Structure formats: C-alpha cells, structure tokens
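Below are the chains, spelled out letter by letter.
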Amino acid sequence: MSSVTTLAWFARHELRLAWREWPAMIAGRQRRRRAAIIGLLIFAALLHLPAWAVIGRCAELPTPLDATSHVVISTTICLGWALILSQAIESVTRVFYARADLDLIMSSPARLTRLFSVRILAIALSVTAMALLFTAPFVDVLLIGGGNRWLAAVGVVIASGLSATAVAIAVTIMLFRLIGPARTRLVAQIVAAIIGAGFVIALQVAAILSSGTLSRFAILTSDSAVALAPAADSIIWWPARAVTGDVTVLLPLLSASLILLGIVMAIFSPRFAETAASASARAAPGRKASGIGRFRVRSPRQALLRKEFLLLARDPWLLSQTLMQLLYLVPPALLLWRSFADNSVGLVLVTPVVVMAAGQLSGGLAWLAISGEDAPDLVGTAPLRQMQIVRAKVEVVLIAIGVVFAPLLAGLCLASLWQATITAIGVVVAALSATAIQLWFRVQARRSQFRRRQTSSRLATFAEAFCSIGWAATAAITLIMPLAAVPCGLITLAILAATWVLSPRRG
Amino acid sequence: MTSELAALRVRGLTRRFDRPAVEALDLTVRTGEFYALVGPNGAGKTTTLRMVAGLLPPDGGSISIFGIDALRDPVAAKQVMAWVSDEPMIYDKLTPEEYLEFVAGLWGIAAARAQGTARQLLISLGLEAHLGERCEGFSKGMRQKVALAGALVHDPRLIILDEPLTGLDAVSARHVKNLLGDRVRAGCTVIMTTHILEVAERMADRIGVIAAGRLVAEGTLAELRQLSGGTDHSLEELFIALVDPEAAVA
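Protein sequence lines, in the order shown, are assigned to chains X and W.
My numbering numbers the first residue of the first sequence as 1 and each following residue consecutively.
My numbering numbers the first residue of the second sequence as 1 and each following residue consecutively.
Bear in mind the hints are in silico, worked out from the structure with no lab data behind them.
Computed from a predicted model, the values in this text were never measured in an experiment.
Heads up, some of the hints might be wrong.
[What the hints assert, rightly or not] Quick list of the computed label-pair ranges, beta carbon to beta carbon:
hint, chain 1, residue 1, chain 2, residue 2, range
1, W, Lys-140, X, Val-154, 46 to 54 Å
2, W, His-195, X, Val-154, 19 to 27 Å
3, X, Leu-483, W, Ala-110, 40 to 48 Å
4, X, Gly-39, W, Gly-116, 55 to 63 Å
Note that CB positions come from ideal geometry on N, CA and C, so glycine has one too.
Using the sequences and the accompanying hints, generate a full structural model.
Shown next as structure tokens:
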C-alpha cells in the first residue's frame, strides 16, 4: 500500500472511531441511544432560549466596536478558548492512556510519524466539532437576530479549536518530558481543570475585589478596564473583530491557527509515538505506600470506611474534580470575607453557590463509592448485608462533604448564624439527593471509568444537576422570602420523586 | 455419602439468561475434597459457582454449604467460604497488605490474627518484596496471587475458584497449586473450574463434567474412565467424548 493510501485509510479509521465514540459519549448504552439523542436534540433546541436571553441583545451590535465591546467580546472569546483548551488536554491525555490500539499501531510496519499526524488532526477535528456544537445555539441566535455577518463567529470557533488542540498537544508532551508519564495524567487533568475554571474564577475574584459583586461584567464594563485596554487597531482585538464579521482579520486568524497546528504536527508527531510508547509501557513498579504498620480494622464497617477513604484520597480523577469544586468556592469565600467589612447583601449569593457545589461534588463522590467498585465480587461474597455496605458508602460521601464544606460553613456562622444553618441544611439535602440518585441508578463500573460516568445514565446526570440547582435556589429563596421557598422546594422534591419513579432500582 | 459430610450440596439449581444457563443441576462436594468442574465454554460452570458464592440469585433450586441454607442465610454461608474469579478484582490504589487488611475487616477477623496470616500468605506467594507497593503496577500473576491471599486470609472452609490459573506463568501457577494442595490437606474444601485438564487430572479428587447447564458425568478419573469404557484414556479424551462425541470419533 502506498503511503498516501495508508494515510487515507488511517484517516478513515480514525473518523470511524470518532464517529462511533460520539454517540457513546453522548448517549451511553446502545439500547437507550436513540431516545437519548432525541432528548439531546430537544435539549439543544431549548438551549436557544437561554442563549437568546444572554446574547440576544448583542445581535445588532454596531461596528466598528467601541472599547467596552472590544473588552467584553475578547474576554468571552478567551474564556471559550480556555474551555476548549481544557477539553483538548483531556482528549490528548485520553489518546495517550485510554486507546487500546497503540500497541497494534506501533507494532505495525506503517510510518508512525504520518499516522500520528492523522491522529493529531483527528483530535483537532473532534475538539473543534465539540466546540461548534456547544456554541451553535449562541451563533444561531446572533445569525437570526443580526444577519449573516455573524457566520464569521463559526470561523473563530474553528480557529479556537485548532489552536487550542495545538497548545494542548504541546502542553501534554512537555508535561511528559518534564514529569514523566506516571504523573502526567494527574497533572494534565488538574491543569485542564484549572484552565477551564480558572479564567472564570479569576474574573469573578477581580469583580468581587473591585465592585463587591460576583458579576464578571461589572469589571469588564468598568472604566478602569476600558482605560487599560489597548488601542482599537491592536492585534489583540482581532478575534473580537472577526466574530463580528470582519473577514480581513478572520482569514489571517484561521490561517495562523492552521499553521500553528501544522507546526505542532511537524514537531510533535515523531515524539507522539515515543511519548505514547512511554505511557503504554508504564508497567513500572507501583508507588510505595507509607507502610501499613499494624492492622487496625476491627469491624466490617470500619474496613469499608477505611478502604473508601484510602481510595478517594488516592484517586487522581477525584482530586482534579475536587480541586475544580474548591476553585469554584473561592469567589463565594472571597465575597464572604468582604461582606464582613461592609455587611453586603451579596453575602446571600454564597448560599446557592455552596449548596450547588455540594450537590455536584456529592454526585461524583457517590458514584465513586457506590458504582465505582473495583472488586465487586469480593464485596459481594463478604458476609455482610447489602444494607450495611450501602450505609457505609453513604457515610463516606457525607463525611467527605462535611470535611470539604465545614470550614466555609464555620466562616458563615460568624457572619450570620441563620444563613449558616440554612446553608448547612441545603448542603446536607443536596448531598443526600445526589447520593440517592446514584444509588437508584447504580451500575457496576471500574473507578477508572469515572470520566464517563455521565454516559451510563443521562437521566441520572440531569436529575442530579436539576436537584442541585433546585436545592440551591430553595436555600437562597429561604433567606430572602421563606414562604416563597416552599414551592421551589416542592418542585425539587417532585424532580427527585420523578427520578425515583423512572429509576431502574425501583423495580 | 451423608449430607452432613457435604461441603456443598446443590439441588435443582436453575438459572436462565436469554437461554437456560444452568438447568436443574444437582451437585454434591464432600468436605475436604478437591473438586474440579470442567466443561466447554458457555457450559454454565461460572454461572453455577457464582450462584453458590452468592453473587447471582438462582431462578430455582437450593444451595447448602456445610448444612447452611445459602439462599435463606447468605451471610452465614459467606462467612465460611471464599471466592476467587479468573479476573483478579483488587484495588489498584491499595497495597497488598492494605487489601488483606480490608478483606480481614470484611470477614470480621481480629486484626492481630489477620496480620500474621496476611504476612505469611504474602510471603508464601512470593510477594514479600512488594508488600508496600500499590497493586497498580502489578502483573496479572501478581494480582491473582494478591486476590488468592485475600481469599485465604479469613481461613475459609470452602474455597471456590473460577479459572485461577489463567494467565499465570509456570512458577506462579506452581505457587497457587501448592497453596491449594496445602489447604486441602489441612481439611479445607476446594472447588475449581479449569480449562487446563491436566491440572484437574493431577490435583482433583473428583471431577465433574458440565455441558449445556447439566452435569453430564462425575467421579474420580478412574470412575470416569470406567464410564467411557476405556482404562488408559486421558482426561482430555474423556472430556471430548463426553461433551462432543462427534469430535471424539473424528
């Protein structure tokens, strides 16, 4: 086979894999795939409503842009790019560690550099397609409201996808070089989490410090931000100008991102093979533990708790997830700190953020403790009742949530005992709801499948998110208008009850 | 044979998936015996043993372990037995010692007693150099040894093993076989499925041949030879004659 044929054949193979991975990633199990895809399409259609609310008024934005528009649009593009980069780092790490075909490819007589060039291109296409999918409702709203000039936004998304993939590959391979394959997976995930969340959080922190609110727009539209902005003809504003339909800057942007990806392919394709080989040959001796000393466990419950805590503490996925949750707690903590000084009403905002974070973190923890059991046969053959096992696992989730949120709740106690009590109740209820949903929808899985936990049941994922939002809203409304919180709480309870009715465990 | 002597007594055990996997199976394993269950792929060996171990509820039938009704009182039945599957299911992020401490805790074994047994087991399985390492870097053989140590740390009276030698090198397989032999000599009962017929031939006191969810033959090697009408047949020849007579003729 000629090299051109080989490349075309490999590209087709990659595209087929990506095409088959997509529905699996989105919809999970084959049986429910069609229903899940229809549900997702409806959800995507519904997303146009919030997109309209957020961006609808920008559709008729006049050009040339003023300084404030430059700052706001550029910052939004930066934020989007950071999120795409985060996703791209995830994808690159997955290709290094999770693809089962590296041994096959590397043992074949094909030229690896070319094959890995195709694979890099496939990552870029997949990341870009994902970005296009998520930005589609916003672009649609702009197109409908402001005309064809907004088609240029698609070009900017493509440029962002290509450049973010290029940077992600460079970052991941450099991490391999610097810290070795053993630690790269964990560090790459943490870097992805920090990049994804860090930009939003940094903006919120800046907003809190300058104006005492959680609103990012407060700082972006402030006089000080405009004063610091470069002149209107600066290259910094090219992405903002391109989004609004300036083709003279869109084409150079697209070309630059393509050239960047080409350079990365040329430089890193040969190293990609080498790096993948190091990653797949990572059967090196495991890390030494500190030594167990004497056996301490006295009861099955203690054994289960100790095992769960040890595994949670040593779980890289969880560490990155927790870190992200903790990062999201930084702005409310900062707001709390500021509120001590000026008794701001903004303090109320802390409660929903904390309750929501507790619900989300509990969902992840509960999945790891309940579904992510690496030795189900061992636990299944132990002389214990199922209820004892479940109770121990629920205890683990609640204790872990307690440890994470107790300091913040203690701080809140000093500001307002009433608010701290409501927040604590909200945290417990959100954690219990998320844990219950995980119990009703539990499926046997390995802990390493944590990343794909959402695909096992979309219904559980949405129920978990809606319950977290519902309890967060209920807690916040309780602080402002206690009576008005009753319907909100009842709606959330109804969501939880409907989830139970639809759950496979009910049978 | 009296029922008091039976380590395992299964009557009319039935389980269906899309098709019948185990059909009205009767099986008795005596206390202190090494029993090998052999059969072609999909014959129902693993399904049978998973039901005995309490991992899969049967559609019908009864299971008695040392006289304990395993379906009515599964906790008491599980207390005296251990299960080892072909795919060693251990925790990557725990060390062998931490894993055994966890298992001992699940079975409620006193910590001091468990620690001594655990160390002894890990050393006898050649894992002393890896006691403090997390299992994530272990080979298949090492993982299988850790799983086996976990099964033995609570000193079970009945050990059920599903293809325990799959993927093990000769030295590791020898370690496992020696350990199982020692246990049987100490009065423990072992039930093992295997595709390696030589192992069944050399180690088992009795062999059961299962096909299409039914026990088609059972006995010592000599009894099975008698059943097939020959005296010098190997177990492989007997096995093929029992499960695929056409192939045996060819």
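query: Can you list which hints this structure breaks, lowest number first?
result: 2 and 3
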